[in-house]
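Take these sequences, add in the hints, and give me the full structure.
Note that the protein sequences, when read in sequence, are chains L and H.
Taking the numbering used here, the leading residue of the first sequence gets 1, the next gets one more, and so forth.
Taking the numbering used here, the leading residue of the second sequence gets 1, the next gets one more, and so forth.
Hints should not be assumed to be uniformly reliable.
Stated by the list, open to error - One-sided and incomplete, this derived list gives chain L residues near chain H with beta-carbon spacing under 8 Å:
| id | residue |
| --- | --- |
| 1 | 206 |
| 2 | 208 |
| 3 | 211 |
| 4 | 215 |
| 5 | 218 |
| 6 | 224 |
| 7 | 229 |
| 8 | 286 |
| 9 | 303 |
Stated by the list, open to error - Residues of chain H clear of chain L, computed beta-carbon distances all greater than 12 Å:
| id | residue |
| --- | --- |
| 10 | 233 |
| 11 | 318 |
| 12 | 355 |
Quick caveat, the hints were computed from the structure, so don't treat them as lab data.
Computed from a predicted model, the values in this text were never measured in an experiment.
Ideal placement from N, C-alpha and C gives every residue a C-beta, glycine not left out.
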Amino acid sequence: MPQALAQRTVDARSARRARGFPPEASILLVLIGLALTFELLGWILVRQSFLLNEQRLVVMILQVSVIGIIAVGVTQVIITGGIDLSSGSVVAVTAMVAASLAQSSDAVRAVYPSLTDLPVLVPVMAGLAVGAAAGLANGTLIAYTSIPPFIATLGVMVSARGIAKWYTHGQPVSMLTDAYADIGGGAVPVMIFLGTALIFHIALRYTRYGKFTYAIGANPQAARISGINVAGHLIVVYTIAGTLSGLAGIVTSARAVSGQAGMGMMYELDAIAAAVIGGASLAGGVGRITGTVIGTLILGVVTSGFTFLRIDAYYQEIVKGAIIVAAVIADQYRHRASRKRA
Amino acid sequence: MRSLATDAPDGCLLQVSNLSKAFPGVVALDDVSLRVKRGTVHALIGENGAGKSTLMKIIAGVYTPDAGELRLRGNAVHLSSPRQALQNGIAMIHQELNLMPFMSVAENIWIGREPVNACGLVSHRELRRRTRALLERLGVDIDPQAEVRTLSIARRQMIEIAKALSHESELLIMDEPTSALTERDAEHLFAIIRELQAQGKSILYITHKMDELFEIADEVSVLRDGRYIGTASPLDLTRDELIRMMVGRELSQVFPRAPARAGAVVLSARALSLEPQFYDISFDLHAGEILGIAGLIGAGRSQLAKALFGLTPASSGQVWMEGCEVKLDSPRAAMSRGMAFVTEDRKETGCFLGLSVLENLEIAVLEGDFVRCGFVRTRAVTQACAAMSRLLGVKTPDLHERIENLSGGNQQKVLLGRWLLTRPKILILDEPTRGVDVGAKAEIHQLIARLVAEGTAVLMISSEMPEILGMSHRIMVMHEGRVTGILTREQADQVKIMDLAAR
Chain L
1 MPQALAQRTV DARSARRARG FPPEASILLV LIGLALTFEL LGWILVRQSF
51 LLNEQRLVVM ILQVSVIGII AVGVTQVIIT GGIDLSSGSV VAVTAMVAAS
101 LAQSSDAVRA VYPSLTDLPV LVPVMAGLAV GAAAGLANGT LIAYTSIPPF
151 IATLGVMVSA RGIAKWYTHG QPVSMLTDAY ADIGGGAVPV MIFLGTALIF
201 HIALRYTRYG KFTYAIGANP QAARISGINV AGHLIVVYTI AGTLSGLAGI
251 VTSARAVSGQ AGMGMMYELD AIAAAVIGGA SLAGGVGRIT GTVIGTLILG
301 VVTSGFTFLR IDAYYQEIVK GAIIVAAVIA DQYRHRASRK RA
Chain H
1 MRSLATDAPD GCLLQVSNLS KAFPGVVALD DVSLRVKRGT VHALIGENGA
51 GKSTLMKIIA GVYTPDAGEL RLRGNAVHLS SPRQALQNGI AMIHQELNLM
101 PFMSVAENIW IGREPVNACG LVSHRELRRR TRALLERLGV DIDPQAEVRT
151 LSIARRQMIE IAKALSHESE LLIMDEPTSA LTERDAEHLF AIIRELQAQG
201 KSILYITHKM DELFEIADEV SVLRDGRYIG TASPLDLTRD ELIRMMVGRE
251 LSQVFPRAPA RAGAVVLSAR ALSLEPQFYD ISFDLHAGEI LGIAGLIGAG
301 RSQLAKALFG LTPASSGQVW MEGCEVKLDS PRAAMSRGMA FVTEDRKETG
351 CFLGLSVLEN LEIAVLEGDF VRCGFVRTRA VTQACAAMSR LLGVKTPDLH
401 ERIENLSGGN QQKVLLGRWL LTRPKILILD EPTRGVDVGA KAEIHQLIAR
451 LVAEGTAVLM ISSEMPEILG MSHRIMVMHE GRVTGILTRE QADQVKIMDL
501 AAR
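Here it is as structure tokens:
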């Protein structure tokens with residue numbers, strides 16, 4: 001009975017999956033493999049351990065926390081089948097606006113001389129609001145015009161960078177309050193990164209918001225017919241992504257204790273890379289925050305691993321590019337294998 | 001080379017012997033043998049998942065078999081790519097047409113083989129000449145310079161066929177070619193198939209429609225569960241015998257009739273129009289009845305359904321429900337009035353293909369008791385979906401299987417389940433059994449009959465005459481956007497409906 005046989009093997013296959021073989025497993029293996037490679041090379045080349053160094057591990061995650069915060073938002077956008085190119089520029093605008101409201105009274109050239117030493121909540125809320133506004137612009141353009149997300153967010157990317165420069169006519173904003181600088185101090189950025197990741201992991205998996213996000217990415221037409229307000233939902237998703245970029249901008253300026261219009265350059269691409277390495281599909285409907293977190297850590301391991309080995313930064317970029325492409329190729333193989341049966 | 005080769009002594013063009021193919025988790029083909037004679041139309045039928053597509057794809061070089069061999073004109077061949085199959089005279093006309101919409105007809109046909117002039121550039125004049133000659137051979141009148149996107153589906157199909165002919169193919173594989181065609185276009189296609197046959201071509205014809213097969217096939221082979229069941233001439237078989245071969249069981253009653261028990265009017269449409277899709281449509285829908293909508297493709301039936309469900313609202317006219325006029329301007333509004341809509345195109349507008357059966361079932365019902373503060377009550381939803389899946393007899397290993405791995409019939413059951421979970425009072429079904437195998441079809445019909453007996457009102461669009469006649473209590477016939485008649489079950493027959501639909 002071939003059918004009975006077929007049925008049995010199918011059962012075995014899905015049982016294996018149900019028993020806990022999440023799609024992130026392969027990405028996690030890549031992360032572990034990379035870490036162990038650097039560990040091994042470390043002993044051979046510089047006679048040091050790569051992993052058994054708490055400080056290095058903290059710095060490693062710290063370096064990619066900002067990318068990680070953005071990537072959490074970008075992952076959701078990618079799940080809807082969209083893309084967000086504006087994240088890096090939004091980081092710059094928020095960094096500028098938040099920093100201008102976070103200057104201490106001893107700042108020599110305060111942007112708003114009458115508004116110094118404000119409670120830390122003010123610049124933070126202002127930064128989040130700027131991010132949300134940028135996201136709202138993205139979402140509205142995408143939901144109510146027929147321009148593709150790539151173009152809409154490209155436009156916002158260019159304009160937002162311009163706004164960041166115009167805001168102080170290119171001048172950096174410095175002398176920020178200690179309370180504000182504390183946001184970027186110690187392991188706080190790591191906490192913010194992991195906190196947002198946890199919140200949106202739960203949101204995507206267990207709430208109606210998450211279910212609708214996946215449905216829209218998998219088939220927007222079917223989503224609409226199923227009663228989902230697709231346009232409204234897309235606006236919410238892009239606004240969330242913008243707000244998270246704003247949060248990243250706050251963290252960036254707090255870490256640097258200044259706001260500069262050139263901040264966040266190319267961050268959008270690193271964030272997209274983290275999501276894609278983590279298994280998100282640009283075709284939509286597929287992606288998980290856990291994967292994105294692992295993808296972010298992979299970027300972190302590569303960056304700090306090369307620094308640790310004292311290898312030129314050039315090689316680092318070359319390898320990073322190769323990893324992004326390899327991750328997507330591997331992912332497609334996995335999909336093809338699971339689709340072959342039809 | 002090819003022209004020198006002769007057929008096997010018995011006139012057999014293609015012989016398939018003991019073919020087997022397994023995919024991870026399924027045995028798609030199990031020891032299948034088949035012979036296609038030169039100059040014949042050989043129909044291949046079977047339920048979804050019977051292995052028809054796999055067999056065709058092996059013959060067309062898309063898949064390589066695990067075991068068994070193919071003999072063309074008596075010689076064993078090994079086809080490892082569609083290109084190689086094409087070189088051996090085998091062309092496949094896909095269900096989803098593979099044409100480039102922004103290129104011309106001629107460019108599409110000769111892509112990669114464009115005639116060049118003395119300078120090595122593409123000679124457009126020669127391209128057009130060849131295309132015109134080819135299309136003349138098929139007896140179709142299409143401008144070789146027209147962009148493909150401007151042509152109807154029927155015409156695109158003709159271009160696919162012309163493309164196959166341009167390769168001097170001797171075996172054309174057609175996968176449900178009439179599924180998107182109107183009856184008139186289908187007739188034209190059959191005429192072309194007969195013409196090709198007269199030119200000595202063989203056609204391997206996959207279909208779900210029994211009537212077609214009796215109309216054009218010389219031989220019919222049946223596959224079931226990946227195995228070869230038998231080959232016969234349609235002349236020697238009755239429809240029932242054929243169905244029995246396909247499903248391996250007796251179908252006691254093809255159409256379960258829900259008792260005619262017209263309840264209260266649940267929906268009244270008055271003078272609905274959305275020009276140029278449909279004009280001045282008025283009808284009443286009663287609880288506990290199936291109102292069938294018959295008509296040719298393009299009659300505006302689906303547009304009417306979309307308007308009722310608020311997807312593309314009508315521009316004028318009224319809809320009354322329970323004594324008040326209602327405004328149905330979005331799917332949400334229609335859903336809140338107790339309406340549900342299973343669309344005609346499962347893949348395009350129905351399924352979330354990358355998602356699981358569970359995610360496909362639950363999506364329309366994530367509200368009320370199933371959601372608390374935005375959080376989905378996973379256990380309650382999963383239980384409801386599992387119960388629905390059992391009720392409908394969805395064949396899936398578990399609810400976490402991706403829906404794209406299910407057969408068409410089971411996908412359709414899931415879509416029905418999605419809407420039944422919302423407990424609709426009015427169920428709009430657009431081609432509820434298109435591309436669904438015979439077994440699942442009967443189950444879906446039984447389910448519809450049960451819903452109607454429980455008092456649901458069903459508006460059913462169908463292009464299959466037996467389905468419309470067998471299921472409906474009343475039949476509304478549309479032609480070019482207008483209602484041309486509403487027949488009762490007793491008045492209706494095939495001739496009357498065709499008369500109203502074709503005018």
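How the hints compare with the structure:
| no. | hint | in the structure |
| --- | --- | --- |
| 1 | 206 | holds (5 Å) |
| 2 | 208 | holds (5 Å) |
| 3 | 211 | holds (6 Å) |
| 4 | 215 | holds (5 Å) |
| 5 | 218 | holds (4 Å) |
| 6 | 224 | holds (6 Å) |
| 7 | 229 | holds (7 Å) |
| 8 | 286 | holds (6 Å) |
| 9 | 303 | violated (32 Å) |
| 10 | 233 | holds (28 Å) |
| 11 | 318 | holds (23 Å) |
| 12 | 355 | violated (5 Å) |
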